Structures are given as C-alpha cells and as structure tokens.
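Enquirer: Now for the letters of each chain:
There are 2 protein chains.
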Amino acid sequence: MDVQKENFSEWYNEIIKEAHLCDLRYNLKGFVVIPPNAAQVMKLMYRIYEEALERKGHRPAYFPSLIPERNLKAESEHVEGFVPEVFWVTRAGANELEEAMAMRPTSETAMYPMFALWINGKSDLPLKIYQSCQVWRHETKATKPFIRTREFYWIEAHDVFATEEEALMQVREDMETTDEILGGRFGIPFIFFKRPQWDKFAGAVDTYAADTLMPDGKTLQLPSTHMLGQNFSKAFDVKYMDEDGMHQFGWQTCYGPAISRIYAALFSMHGDNRGLVYPFELAPVQVVIIPIVKKDTEAEVRKKVEGLKEALSAHFRVEADFSNNTPGFKYNKWELLGVPIRIEMGMRDIRKGACVLARRDTGEKREVKLEGLENEVRKEGASLTSNIREKAFSWFSGLVHSADSDSGLAKAVEKGGFVRIPFCSDRMEGEPCAERLKEKYSVNIRGSRYGEKERPSGKCVGCGKPATIYLYAARQY
Amino acid sequence: MDVQKENFSEWYNEIIKEAHLCDLRYNLKGFVVIPPNAAQVMKLMYRIYEEALERKGHRPAYFPSLIPERNLKAESEHVEGFVPEVFWVTRAGANELEEAMAMRPTSETAMYPMFALWINGKSDLPLKIYQSCQVWRHETKATKPFIRTREFYWIEAHDVFATEEEALMQVREDMETTDEILGGRFGIPFIFFKRPQWDKFAGAVDTYAADTLMPDGKTLQLPSTHMLGQNFSKAFDVKYMDEDGMHQFGWQTCYGPAISRIYAALFSMHGDNRGLVYPFELAPVQVVIIPIVKKDTEAEVRKKVEGLKEALSAHFRVEADFSNNTPGFKYNKWELLGVPIRIEMGMRDIRKGACVLARRDTGEKREVKLEGLENEVRKEGASLTSNIREKAFSWFSGLVHSADSDSGLAKAVEKGGFVRIPFCSDRMEGEPCAERLKEKYSVNIRGSRYGEKERPSGKCVGCGKPATIYLYAARQY
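If you're matching them up, the sequences are chains D and W in order. Start counting the first sequence at -8; every next residue gets the next number (our numbering). Start counting the second sequence at -8; every next residue gets the next number (our numbering).
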C-alpha cells in the first residue's frame, strides 16, 4: 500500500488489488470474481446474520433463481421499479422459451405466491423465512466492486403477520439485529432513516434503512427493512382465516442485508494506510506467527513455531509464515491482509518461554508468556475489536451536521457526512425540493432519522415554505 | 404416512408432501421450492462439507453465475456436453445483449480463465478453490424433486496441481472426504466407480463417482471427482513456470457434491413407514419434548417442560409441543418429521425427577433421570446414527450381485442393486456392448469398482469376446 487513505477512492481500488479482494478481470461487464481473501470474510458474515435470524424465529428456505414474467408483473409498483433492470432468460439449449424468465432481482414475486399456499389459519402466522442468495440487476450506473455490481450477495428475510402492529414490531426487531451485528460486532456506525416516500422500495409502504458513511464522507445504504403493508398480500392473495372465519390479508415486511456491500463498508471503515483491519471474529487469519531465525537456530525455532501454531489452531484461525522473506516483508504482508494478532518468536523468546505479540490496530508490541497465550490472544482480539469500533463511531459522530439555510447546507455538505435540514415534507410533495437540492449540491435526501421526535420551526431549505420535518441530506454512493 | 416404503416411488412423493420437504407448485416447469424442513438439513450438510474442504486446504470463492458464450465454448468436448442444456440470458431490461450469457451449468469455464491469471510460479500451486452455489441445466428427462431438477444445489471444488501424480492424489483425497462424510456421518453406503470412457464428464480424462442405491434398487450418482488432466489447462492457458523457467500446463481435478441429491439419498435411505429418520447431527429438531398433562397439572408440567427445553437448548436443537393435540397425534407428527429423540414428561415423571426417552429409529422407550439427561441424549443420538448407518450398509451389501452370463445378468438385475459382470472393455470400444445391455435389460454400465484388481477369465456378457475387466451394471435414476 503506497496510497494514503485520505485519498479514499484510490485507496479502495488499491486495497482491492493488493489484498486480492476482488478480481475485475472477469470478461463480463459489471460482474466480478470474489477470491478467497474476501469470500472467507463474507462467509463468516453470512453465518453471523443467519444465526441471528434463526435465533429470532426465521427459518431458511431455497426459492428458485428464476421467476416467470407473469409473477414479476403482479404488483404494479414493483414492476416499474425492477423490470428495467431485469436479466431475462429467453432460450434453453437451442429452443426459444414460450415465456421469458427473470433472474430474480429480489424474491418477493417468487416467494409470495407460495406463501399464499402455505398460509391457511392464524396458526400458520407469523411466517418468517430467510434465504441467502445472489440477486441480479442490470445496473446502468457505474459499477464499483462490492458496492454496485450486477450480481450481488445478500440475505433476504420475508415475514408475514396477522396484524399491522406485529409487522411494525418486526421492523424494530430487524433494526435491533442490524444494531447488534453491524454496530456491535462489525463496528460499523450508521443512522436509521425512514426514507422519504419518493425513495422507498418499489411496492413498499415505508422503507427503513441503515446508512453508514465511507471515509470520503459519502453515504452508503446498508441493511434496509421494508414495511410492505398489504400491498403484496393483496397482489399475491396472501391471506389467513381469522377467528370469525373471515379471510384477512397478511401484513408483510422484508429485510435485506447485502453481504457484499456490508463487506465494502467493513474494510473501508476500519482499514488504514497499511492495509486491511478486521474485527477479530471476521479475520480470515486471526493470528500469524513469524519465526525470527538465524541459520543455526532455524530448525529449533521452526519446531517451536509449528507446535505453537498447532496449539493455537484449536481456538483460532492461525498461519505461520516460514517463507524465505525477511521479517519486515512478512510484517507488511500480513498487516496488509488485516491479521489482528502477530506473534514473533525467536530463540531469545523461546529461552524465556515467551513471544512478542503485536496488534494490527495500534501497532503495539509487548512480550507475552507462552503459558496463557491463548487467553492473551483472546483478550487482545476483543480489545482490538472494541478499539476499532470506538474509533469508527467517534469519527462518524463528527460527521453529523446541521444547517437551516441554503448557504449553511452548502458549507456543511463540503465537510462530508450528513446534514440535518428543515424540510417541507417527506411525502411525495417534497420530491421537487429534493430534486432542487440534488441539482444544486449533488446531495440526496436520505429521510428522517428513525425515532427523532423534534419538529423544526423554520423554513424548508428547498422551497422556503414552513418546514414540517427534519430530513438528512448527504452525498451518496 | 399411509404408504409402505416397499412402494418406494409412492413413498417418496408422499413423504415430500407430508413432511413438507419440497413444494412442486412453483409455476415454472422443472423448478421447485425447498421449504425450511428440507432447507435446514441441506444447510447443515453444506456446512459439514465446507468445513471438511477447508480443513483439507480448499478456500472459498464466489464466481459469477453468468458465463459469456465464448468462455463456454473454449473446451470442445465440454461444449458438446453442456451447451444443449444451457439457459441463455439474451436480454437486460428492454435491450438485447450483444453476446448471450449462459447461466452456469458448472463453473469450469468461469473459473479457469481466472486461474490462468492467478497462477504464475510453482509457489501458487496447489490452488484449491471451492464454491457453494446453484447450477442450472435445462434437463429434458423427467424431473424428480432433489434428484433431477433444472436448478440444483451443490458445492464444486476446483484444484490445480503441478504434476499428474498430485492430481491423482487429490482424486483419492476427494474419495476420503466422501467416505468420511457420506458414509461415516450421513450413513449412506456407496461404491466408488471409475466410469467407462463413454460416460465420463464432458472434457474429463476420467470420472470417479460414488453410486448409492435407492430403496427400489436403482442406483443414484452421488459426489463425483473428475480427473481433468491437462484438457482444460490447455484450453484456458492455466500454466506455471517451473524451476527451469519453462511454462508447464497445470493438472486439474474437480469435485462436486450435489447437496440436493445427497439429501434425497439421505432421507430415502433412512426413512421408514412412519416418515423421516435423520442422523442425529442432521436433524433440524434433535429433541422434541411432549408434555403429558391432565387439566389440574397443566401449569406445573408446562413450567417444567419449558425449563427442560431451555436447559437442553444450550446443547441441541429442541422443540416443545404445547399444542392442543393428543400425545398420540404429536408422536406421529414428530416421528414423521424425523426427530431422533422424543422426551415425554408428565407429573408422575416429574415427581420421580425423570422423563421418558423414546428413540425414532427403534421406537424404544425408557425412563431416564433428568440429572444427566444431556449425556443420555447425546449417547442415544450417537447410537441412533450408528444404528441407522449399520442397517443401511447391511441392506446395501446384500444388493451387490455377480453374473457371468446373459441369463445370469437378467436374473440378478431383477433383484435390484449392482451386478458385476465380465466385460470386453471400459474404453470407447465397449460402448456398443453397453448399449446392447441397456436395450435388453434397461441397465446402465456404471464402471469398474475403484481399487478392484481382479481380472475376469470369462467372456464379455455383451459381445462374447474375451473379457478384460469387471464392470458393474445397474438400473439408474
């Protein structure tokens, strides 16, 4: 890494190449290959989310990747939103198909016709299903690895409830899941926004999304939950029989953590000028052992290092680097790859029954006894995770600004991050103001902060009419 | 389940419906929905295979689902084998694409162009990559849930070595993995065959496959490993520089456990007239607790059962059935779903500090003290797993027959299973004999048994010429 992280866009491209996170040379526009260094982390992230969803009553399922054209067109707003981006399968072998099949851009229209068959009485509710899969969208905007590609990796959870209230409680549960995993375990700060009506998911009543910031101050949407109300249940006949024998339409939500995108936020947030930095539990290699050898002690040190590797491997993902490179070269290499804990061990250490433990985040080195090393590694790993989380949260909190005028917004936007502004409305009538600000300052309106009760007394920054709500503006990916 | 397993085809359709393993009502021919009851097991199976592959040096990666037409056509035999079955994407949104894109029928042609970029020196070898994903093939044969569908779920491991010898060792390692997991942990018996030349994977030098038997005596192919030699490395320029600075083509293998198919073998092999039977580690619900209540003791029993559920949930996947159904109804329901251990608990048991433990495989019931119950469950679970494995292996071994004449083959085939016969050749010149036997007896030649050294002295059952090898015939799925 020769690049300073301050130049984020260059840093991003450089780290992807140097740490071999993504290979852009696949010969299909907008499609990329994700090599092991990134795939291993994404698999760990998948499992963490899956475990949390299952703990909260979701069960896994596999729905087809292909959706018949007529399903996709059943919910009218949904069609408008997704059809322009759909990849269509029209041929099988040498034969033209009678009906085109869509590669799923999202699975509502594959799942809900089945939900309609699965749900009869109230005892079938709530129905909480998730699927880990890819989706495909023919993005026309410029693609960016992990952030916007034509194929991406996500989990989609789809739930049906008997009442609106339960559905709204699910929205809160999804937020808690995001809080627990994204904030707590991955150390990624974010704000929950309720999107303005003009920017919600196609077919939803409301969209709630966790927006983080990238190091350049631009915002990136992470997991979102959509309150679908009864829009889809009416389109797909998802209903149950209530206590009085009457058919009622279900209330639906869906939640979609995009693993590839969250991964982008993860390494962008925590990485530094030397390369990747991972929370301890997400590092593909958690501990690397570097033997410090002289010619005459090589065999003895090697034996000791191999023994240590084996012992630690019972608890952590461990590598030992016996290559012919210099220790300095090895340090750089494994720092680039984001290994949280480095252990150096030479004859002098061995004689003392000790080793040197170095931390990736702070660079601090200290001598540690071999006895009890496992606990030290665990402790330092946990400390690293909370340290990088705190750093990220503190940086993030400095990037939430306020403005109540055009010129104030103009100035605040240049600092990067979010700007809270008084706004006329987050309903459709507010859209022209959002358009105006977008044209003038290249900012997007991300919505109202979830749970924020305060109402503005001033005027809408867009149109000067009395403001009714605080919305947040930011430049976005 | 009203159906006897002896009528296997009916049993198979019935269990899928009753236990809700697969939903055939998705409105796209050849595509099915896999609901939670089966998806949970498949996810466990995925993790077991992934863990084993990683332990043996494979690393995960994600390659695109779509393959440009020109890649797919680079290896000539491979093209012929797969192109007739490919689903083609020809449109994105409203636009016709310039080049059609194939939904991967298998990933050689997506991966190997990248391998060519990733491999430079010998230190980049061996390269061992796996990917868990779906593949799509427009099957024209009749589809059957889990066994043959147009979208299926598998893992594909793709390896590159410097030498032929290492590649052959990988074939053996893959067999060991199959042995360990399929045989050892899933309890599914099989024979390793080296396929005859006319039935190998398109583009391979040799194909080795694990064939099991279904209860009707027909064989089903499970994981196969393909020795690719240098066929693909030459087509895709996968080469490395050796010690003398010379470019050498790599030697390649690939291994493909199809999870959906193995799942079919799993529940078909172990299931019985009452429903599913799962090895302990694969059961979605490992323990179900049935409260035995009378009106006046309901609250107290419920409290005890909830406490027990919580305690056992720290170690196992546990459900408690508090529904209003009768105990008998509940027993049937959970037996149908294959729960290995059932615990019954009423006031009389509680007073004794005990419960009744019933095993799914044998139906045996016995009283067990609550103290130490965790260990009893673990022990009975392990015993169930080895019991159903033994039963399966013993049944299987009775279905491996021999014949050395036309009439002998005719008779043996009717018993179901494999028939070992003397054969002229497993090279291309043997194909007409295989065709003849197929027409006459509806049997397929599955190949030579891996590791079998004995050579026949008699005549080929197909053509009467001197036999050179024993091959195995069987009716197949």
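For the record, the hints were derived by calculation from the structure and aren't laboratory data. Hints may contain errors.
Identical chains share a label here; the pair holds if one copy fits it or two copies do between them.
Stated by the list, open to error - Quick list of in silico lysine-lysine cross-link-like pairs, PhoX-like style, CA-CA up to 25 Å:
(1) K(-4) / K370
(2) K47 / K356
(3) K360 / K294
(4) K8 / K230
(5) K135 / K295
(6) K356 / K230
(7) K356 / K64
(8) K406 / K360
(9) K34 / K47
(10) K132 / K113
All of these numbers come straight from a predicted model, not from anything done at the bench.
Enquirer: Against this structure, judge whether each hint is valid.
Expert: Each hint, compared with the structure:
In this homomeric assembly, K(-4) and K370 never come within 25 Å of each other (Cα to Cα): the closest approach is 28 Å inside a single copy and 55 Å across copies. Proximity of K47 and K356 under a CA criterion of 25 Å is satisfied in neither setting, with 41 Å inside one chain copy and 33 Å between copies. Within a single copy, K360 and K294 get their C-alpha atoms as close as 18 Å, which meets the 25 Å cut-off; across copies the closest is 49 Å, which misses it. In this assembly of identical chains, the alpha carbons of K8 and K230 lie at most 25 Å apart only when taken from different copies (21 Å versus 50 Å within one copy).
Taking the closest pair of Cα atoms, K135 and K295 never come within 25 Å of each other, the shortest separation being 45 Å inside a single copy and 55 Å across copies. Taking the closest pair of Cα atoms, K356 and K230 never come within 25 Å of each other, the shortest separation being 62 Å inside a single copy and 42 Å across copies. Proximity of K356 and K64 under a CA criterion of 25 Å is satisfied in neither setting, with 60 Å inside one chain copy and 54 Å between copies. With identical chains, the CA atoms of K406 and K360 are never at most 25 Å apart, being 47 Å at best within one copy and 67 Å at best between copies.
Taking identical chains as interchangeable, the C-alpha atoms of K34 and K47 lie at most 25 Å apart whether they share a chain (20 Å) or sit on different chains (17 Å). Taking CA atoms no more than 25 Å apart as the test, K132 paired with K113 passes in neither setting, with 44 Å inside one copy and 40 Å between copies.
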